[in-house]
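2 protein chains.
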Amino acid sequence: MRNLLLTIRYCGTNYSGWQVQANAPSVQQTFQDAVERLFQARENVTGCSRTDSGVHANRYCCNIRTASALPCQTIVSGLNAYLPEDIAVLACEEVDYDFHARYDCTGKEYLYLLRNSAVRDPFLIDRCWLFKPKLDETLMHAQAQDFVGEHDFTAFCAAGASTVNNVRTVKSFTVERQRDEILFRVTADGFLYNMVRIMVGTLVYLSLGKIPLDSLPQILSSRDRGQAGVTAPPQGLYLNRVFYKKETP
Amino acid sequence: MRNLLLTIRYCGTNYSGWQVQANAPSVQQTFQDAVERLFQARENVTGCSRTDSGVHANRYCCNIRTASALPCQTIVSGLNAYLPEDIAVLACEEVDYDFHARYDCTGKEYLYLLRNSAVRDPFLIDRCWLFKPKLDETLMHAQAQDFVGEHDFTAFCAAGASTVNNVRTVKSFTVERQRDEILFRVTADGFLYNMVRIMVGTLVYLSLGKIPLDSLPQILSSRDRGQAGVTAPPQGLYLNRVFYKKETP
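Chains A and B, in that order, give the protein sequences.
Going by the working numbering, the first residue of the first sequence is number 1233, and it counts up by one from there.
Going by the working numbering, the first residue of the second sequence is number 1233, and it counts up by one from there.
No wet-lab data here; the hints were simulated from the structure.
Note that the structure is a prediction, hence the values are computed from the model and not measured.
Even for Gly, the Cβ is constructed at its ideal location relative to N, Cα and C.
Keep in mind that the hints are not guaranteed to be accurate.
To be verified - Listed below are the simulated DSBU-like cross-link pairs for lysine-lysine, each with C-alpha atoms no more than 35 Å apart in a straight line:
no., chain 1, residue 1, chain 2, residue 2
1, B, LYS1364, A, LYS1478
2, B, LYS1364, B, LYS1403
3, B, LYS1478, A, LYS1366
4, B, LYS1366, A, LYS1478
5, B, LYS1364, A, LYS1364
6, B, LYS1477, A, LYS1366
7, B, LYS1364, A, LYS1477
8, B, LYS1403, A, LYS1477
9, B, LYS1478, A, LYS1364
10, B, LYS1477, B, LYS1364
What the hints assert, rightly or not - Listed below are several chain A residues computed to face chain B (Cβ distance under 10 Å; list not exhaustive):
no., residue
11, VAL1308
12, SER1309
13, GLY1310
14, ASN1312
15, GLU1317
16, LEU1322
17, ALA1323
18, ARG1352
Said to hold, decoys possible - Label pairs and their computed distance ranges (CB to CB):
no., chain 1, residue 1, chain 2, residue 2, range
19, B, ASP1421, A, PRO1303, 48 to 58 Å
20, B, GLN1410, A, THR1338, 23 to 33 Å
21, A, LYS1442, B, LEU1302, 56 to 66 Å
22, B, LYS1366, A, PRO1365, 38 to 48 Å
23, A, ARG1409, B, ARG1234, 29 to 39 Å
24, B, ASN1276, A, SER1404, 53 to 63 Å
25, A, ASP1328, B, LYS1364, 26 to 36 Å
26, A, GLN1253, B, ASN1255, 54 to 64 Å
27, B, GLN1305, A, ASP1446, 28 to 38 Å
28, A, THR1406, B, ALA1256, 42 to 52 Å
Okay, chain A solo, but in the shape it has when bound (with noise of 0.2 Å):
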């Protein structure tokens, strides 16, 4: 048996997200039944987090047990033959038999895209979000510094979701603009159920003064989600980079 990881890219638009749903198209079913066409075998893939509806990524990893021998760069290109346009996969390496996708990952990049301006791009329609208000991205990225660091991110996690320790470590986040687009990125060792999404709205209300400045040290220690801002819509959210302890290829 060999163990493989996978790196691929998914435009999230027609997909529930990653994780297997009933009665709901998701990019793990989808995967999988390539898979089963390749491999002549319904083989489990293990992949590095969940997704949302409608988000995006553009380096995802997973990771396949299998009997096949098939090399590599058949498999990328097979895979590539039976997967549909809107899911890639960009690369293909043998792992240690024990390397799972999601235990082993040490932290994970995402990126957010919010354009700001008064006129949609067609070109972007469901992959940022549209923002009309004019923001300031000085403002926000000097606020963002504020979650850098280990905090208990409890109020920046959807109520309801279930996790025993809030505790993470935000390594960097960074808001630049790029002409009419906004670009929100953050690197983590983890991230709680749409914690990225809040931090973003957030960040815009802050710059919208709906949350008055430098407030994010006591929203961060209230552990209180209806001290946070809006979530952002998840059209806009991008996995940017999974991390293991061995660089991914």
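Position chain B relative to chain A; hints supplied.
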């Protein structure tokens, strides 16, 4: 009566091109429907040029003669509310009554996006030409300089096109790589039918060695479409700018 110059942007995937056609959705038809809803009158919309089925536009120009007294900013937001998401109005300004979007056009710039990679990009489906064999952008850029200047472009015009005068002046032609994407950018005083797509396909053939190096002057003087390369597919083509004597907004 006023004459309005509108700049619009559209993703052409779901359209048969700009021009109204029987039995196929066109950008012009869709646009005229939105104009009719806003102005409560069926106005004729004059485009700067036809575009082919599946071709995109970053900045397309058209003009409308109308009795409407709506302010330009209201026209922008009103049309954007009535248009589908894959078409957006970027700007509207009042121009001389005799201004004509096609006849007064002094030049255009097209972009052609080619993805040069073994693997598709899920975010660029229907938005580029996926071409897997490795291409040499430096060679293509150098060869493309033979297009610059005043030439008879009959060899780079779709067979059956009925233009009287096939002489055009290419002002500039650049070919640049950005990672896995090759961007062709060409500006001219005018273009024949399929001219950009045949020029791009011919540069690709030059890079592949299917057409001998330095043969563009000979192909141009042959005036024979059969000597040029393949017609690159429509989905990589973007009308990027339209030039008038006066700068457009």
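- Structure versus earlier hints - violations, ascending order: Violated hints: 5, 8, 10, 13, 21, 26; rest satisfied.
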